[in-house]
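Chemist: These are the residues of each chain, in order.
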Amino acid sequence: MKNKKFFRPHKLCLAFLAVSVVILLAGQCFLRAGYPRSSISLNVQEGDIAQLQAFDLQGVWRQDEDTALAFSLRENTVTVSPQLHGQNSDGLPLWLQSTLCAPDEEIPLVDEQAESGSVSGYRGAFFLRFPYSGMQYTSFSDQLEMICTMYVTDGTDRSARFSLGTVQLAQPETVTAQLYDKIRAGNSHSYLVSSSWLQEENAALLPEVSIISSREQVCLYVGPHGEEPGSICLVREFVPEDQALQQISTVQVHGVNVPSLTQPYGAVEETCSFEAGEILADCQGWDNARLANGRQWLLTVDGENQVYLRILDSEGYPVARLPLDVTAEAEQTVTVLPTMRKDEAVFTVTDENGGKAVALRIEDDAVTISNIWDLAAGETLLTAGFSADGAQLMTVYENREELNGTVPLSVLEYYTNTAEIENRDCKAQLATGWHIQISAKQNLDEPLFVADLNFGIPQQGRENVWGKGIYETEFSPSFCQVVGVWQSNKEDAQ
Amino acid sequence: MKTIWKLTAWHWRLVRGPYAVLCAVYAVQQLILLLASASDSKRLGYQMAELFQGCGQMPLFFVTLYLVSVVAASATRNRERAQKMYTLYTMPSSRRTLWVAQFLLGLILLAGFAAWQILLYMAAYFPVTMVLSRVAESMVANALPWNSLVEELNANPLMQLLLPVKAGSGLALLGALGVTALHSACMACCQGLRRAVVTLLALFGTGAAYTAFYIRYHQVIYGTDAPSYWLLFAVVLAVALGLAAVNVFQAVWALKRAETA
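Chains W and Z supply the protein sequences, listed in that same order. Basically this note's numbering = 1-based index in the first sequence + 7. Basically this note's numbering = 1-based index in the second sequence + 12.
No lab work stands behind these hints: they were computed from the structure. Small disclaimer: the values here were computed from a predicted structure and weren't measured. Cβ atoms here follow ideal geometry from the backbone N, Cα and C, with glycine treated the same way. Misleading hints may appear alongside valid ones.
Only pairs whose alpha carbons sit at most 25 Å apart, straight line, appear in this in silico BS3-like list of lysine-lysine [said to hold, decoys possible]:
#1 Z:Lys54 / W:Lys18
#2 W:Lys475 / Z:Lys14
#3 Z:Lys18 / W:Lys18
Chain W is faced by these chain Z residues, among others (derived, beta-carbon under 10 Å) [stated by the list, open to error]:
#4 Trp17
#5 Gly29
#6 Leu117
#7 Gly180
#8 Arg269
#9 Ala270
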């Protein structure tokens, strides 16, 4: 006989367990659906996705200062992986290496010297070279020194000091590259120092010195001075900070003790002298001007604004100087872009009315494939590249969107210590993704494939809009960027 | 196996009352804390995940998780058990059946509590966002944009822990719950002073397990492969496993002496 009152607790227990598991699984499905990795979507508007097979596009979507997603478009699929956290993640040492100019073995040391243990965001670090804004006496008249300060986005900044031998810089002899870990407030300054040359009437005679590359070795551009044309110099050696500090002596100037920064701390060699009238193009993004096997390419401009491509070997010696079918006027901006292959070069020459984009494939001392096309006003090219056989060209443009917002009082108070701004409405242009296009090399007007890679607008997007409302300056959208082949793995950069 | 399962089910019935009370109290506490934080005008512009972290709810979750294991262990001290007319001596199988059944019970209750937390978070999203909006409306002319529920789930580290998207992270979660259930089973098998000692060791053991769990989470999320992190992880994990081993030894000894009879 069946006892209706017989209680079977295991059924209830099982039901409870089942409900719990279902909730956990359902929650996981829900989260997976909304996880940022899924919000990077590739919407194909036209063409066959198999066209992507010939290309390998990499990017980073930075959600905020500490979290980021790296993704790649390879073999028709978008692969996304969260990374770039902390100082030992995959990408970070590369950035550190590219910006701090420290030998590999010193990178951990530099990390230790950083303000906090979780130094991140080296991506935004760069050298700044300001006009002369201060003066520091030295004990000799024929010495020239420069201090560059580079910001890292963790709020600290580092300084690199270069001491460039004699003022006659046709063949500078000495250099030091010393890293400081001081935290500085306010703007950074560079100091061009020489007790005899930094007088106002002679200031114009000082050659322009800038840092072209600081990856495998420090590469400097010394501009034309007097009768001497400009040249490329490579820093052959530099001493560690502790040794450099030991060599700094103190001198007395006008009764005040100041450090003498005049000792030779290394060696510089001029490897590539320019033609008369030829100067280095005023370019952004020199870090991207790299080729395989440690080679480098440069853009120079002659007196008639003709652009030349210079190829340097791994030792910095010239391999080729090739005229390009493009000119760069003084008011135009030249930008070197990250590339998808290690044998390609991409750059743009633009002004407010648009401009030209140039993609080159370089083999040995020659350009084997090239393409030059027009850019419309407001178009931002992020990268471009040829397929393996060179028959197709992929272009990646930035998609932008205007976001509106209102700065909350708490945010306003936090950043400005005031809540007095009445109109807190703000709007800003934000990058929302990439517009990818693949075309036959000879016919860019009729693309074979068109797609949009959308990032979505993360929290930082709104904060950027607020930043516009608070400071009335538009923050650059830093949360999505193309990663060139040089950032793809550590071995390549070493 | 059938005996184990039946015993687990009976013990589940014995503790479901206090377990439900604990869950209810936790729900009320969480809702009050979140709503109070949301109504604070100084936190204007915060999102729910930030509030959740800011008000200290995450450590409270782990504390309650430990309390759940204590509640699970209380099954062997329940008065009703005598009414059900069974003792350790009357069980038709090995005494270790009790330990295994308590382990399963602990695991079930802990999984249930994790699921409860997810439900609570989802349910709290709407009132908390509403309060945030109300506060914002009174201070800011235009409406502020709010994160969606999915974004809030994604932004909350506790939700990332409870809803892992990688197999390794899932195993880590299972491991943390498993260690807690293990301690719970050990507590259940001991009596008297030994039980007090085991309960105290379980507190440190589960604390170490959660810490190891969080360190691993930190390693995965932040990509920190530094040797120092691995060393810390190994040390904390060793402490958690060591304390678990001590408690298992105590439980085996207690079972041998039939302390819970």
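Chemist: Evaluate each hint against the coordinates.
Modeler: Now for the hints, and whether the structure bears them out:
1. Z:Lys54 / W:Lys18: 49 Å, violated
2. W:Lys475 / Z:Lys14: Judged against 25 Å, a Cα distance of about 67 Å means the pair is violated.
3. Z:Lys18 / W:Lys18: Satisfied, since the Cα-Cα distance of roughly 10 Å is no more than 25 Å.
4. Trp17: Nearest chain W Cβ about 6 Å off; hint holds.
5. Gly29: 13 Å, violated
6. Leu117: 8 Å, holds
7. Gly180: Cβ of glycine 180 (chain Z) sits 13 Å from chain W, so the hint is violated.
8. Arg269: Cβ of arginine 269 (chain Z) sits 28 Å from chain W, so the hint is violated.
9. Ala270: 24 Å, violated
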